[in-house]
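In full-length UniProt numbering, the protein residues as written are 1 to 470.
To be clear, the hints were calculated from the coordinates, so they are not data collected in a lab. Remember, it's a predicted structure, so these values are computed and weren't measured experimentally. Where hints are given, some of them may not hold.
[Stated by the list, open to error] Simulated restraints on C-beta separations:
1. A367 <-> M438: 47 to 57 Å
2. W45 <-> F96: 19 to 29 Å
3. F96 <-> R407: 19 to 29 Å
4. V312 <-> I391: 21 to 31 Å
Glycine included, every Cβ here is placed at the ideal spot set by N, Cα and C.
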Amino acid sequence: MLFVELRFFVFFAVVFALTWILRNNGQRKLVLTAASYVFYGLWDWRFLGLILFITVVSYLVGGTRAWWADNEAKRRLALTAGIASSLCVLGLFKYFNFFADTFAEFASIVGLPSGHVTLNLILPVGISFYTFQAISYMVDVHRGDIGTRRSVLDVAFYIAFFPQLVAGPIVRASDFIPQMATVRRWADVPVRACLTLFLIGFIKKACLSDNIAPYVDLIFNDPSAFAADQVIAGVLLYGVQIYCDFSGYSDMAIACAGLLGYKFPPNFDSPYLSTNIQIFWRRWHISLSSWLRDYLYIPLGGNRKGEMRRDVNLMTTMVLGGLWHGASFNFVIWGFLHGLALMLERSWGKHVASRIPSLGWVGIVLATAVTYFWVNLAWIFFRATNLNEAIGIARTYLTFSSPGDGRLPISAWLLLMVLGAAHALAHHFKADTYLTRMNPNSYAIAFGALFAVALAFVPLGYRPFIYFQF
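Could you build the full structure based on these sequences and the hints that come with them?
Here's what the structure looks like:
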């Protein structure tokens, strides 16, 4: 069930009505948890058992803080076991075949006997997201950032809450669970802001991403048939597609949660206007980057043990972040490229930048262009279906040469310039705030008109959100 489908609007309307009709906080949580399980079960009811398993494990591990309050060793052992159990479930469904095939290939290279062992496993939608949320709960309770939840319903509600269940944002337990303590009040809901954010997300996904996708597919399905400038335009269009698709989902998820009385943190902040990769990761998929920083990079040692150890920690974090996205060497390379950029930026900032005179706004433009160039180079490996295809497209991207001479049926570069200008202007002038400042009647007319125009650009058929595969 996609956020842009009619049946989702019907589903949400029913859940919305039931939530605000009920006055009891426990009843609301029960209804929202049940609705979340229905929402996930419509994808494939067989995987509801996975969420239940991870929920029970998280609840039991969280309970050890109260049961073994005076025994740090037992609590740490339980935490390790809980995280390992969750990661084993994730690894089995997402990475078993990848590592089995990789081992078989390595064994054949060194002359060892081996056989290919594969499992015909369907990847459960959103498993990476709710696994990370479960780990967040166990770790946050262990650290004392939140108290142990006595009710398993609270843990189930946190892990399965449907707006973010299948594609984020990854909501911290310490951010979300305290909101459960009191009954949500309609008077506290920023209705116009939520509706505006949902509309923006809908336009990003249904009007922009889904309409751009066919042209991206043309390039990546047969890059050698197109001229170099068209291949490069296709790569840049994919950057637009994935941004509009994923940030559109995040916008709609945040809006839906807001309309039900719960606040999610922002997940995107105009990342393509970043002047370096570090800032890019502060603005792109913010919930994942901050999760990796706080639950992986810092526990590994962060930057506290010298430059070499810092670089190792950075690269480890980014490569594992790439692998989190999928069982493919393409994702590993994508993470490696971002890790390499972060390492080079740290060294540049410490040893070179201070010796170069400031270039003012010219320097900002150049830095933004270089960052954008590198991010899109990495996107090639994220999007390509195999390594050979990615290398071929990357070669065209870097050398501006291609054996083909085909052209896309649209003016791709004009479209990119228009979208880039609109993105920059919207960021600078905070365009989303204009609607919310209107009086109620003007807002209703403007919202209805914009929604009607948006519907006119929605293509026939719905494309799944890109991040559903993760």
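Checked hints:
The hinted window of 47 to 57 Å between A367 and M438 is violated, with their beta carbons roughly 37 Å apart. Checked against the hint of 19 to 29 Å, the pair W45 and F96 passes, with Cβ atoms roughly 22 Å apart. Between F96 and R407 the Cβ separation comes to about 42 Å, which falls outside the hinted range of 19 to 29 Å. The hinted range of 21 to 31 Å is satisfied by V312 and I391, whose Cβ atoms lie roughly 26 Å apart.
The structure shown violates the earlier hints numbered 1 and 3.
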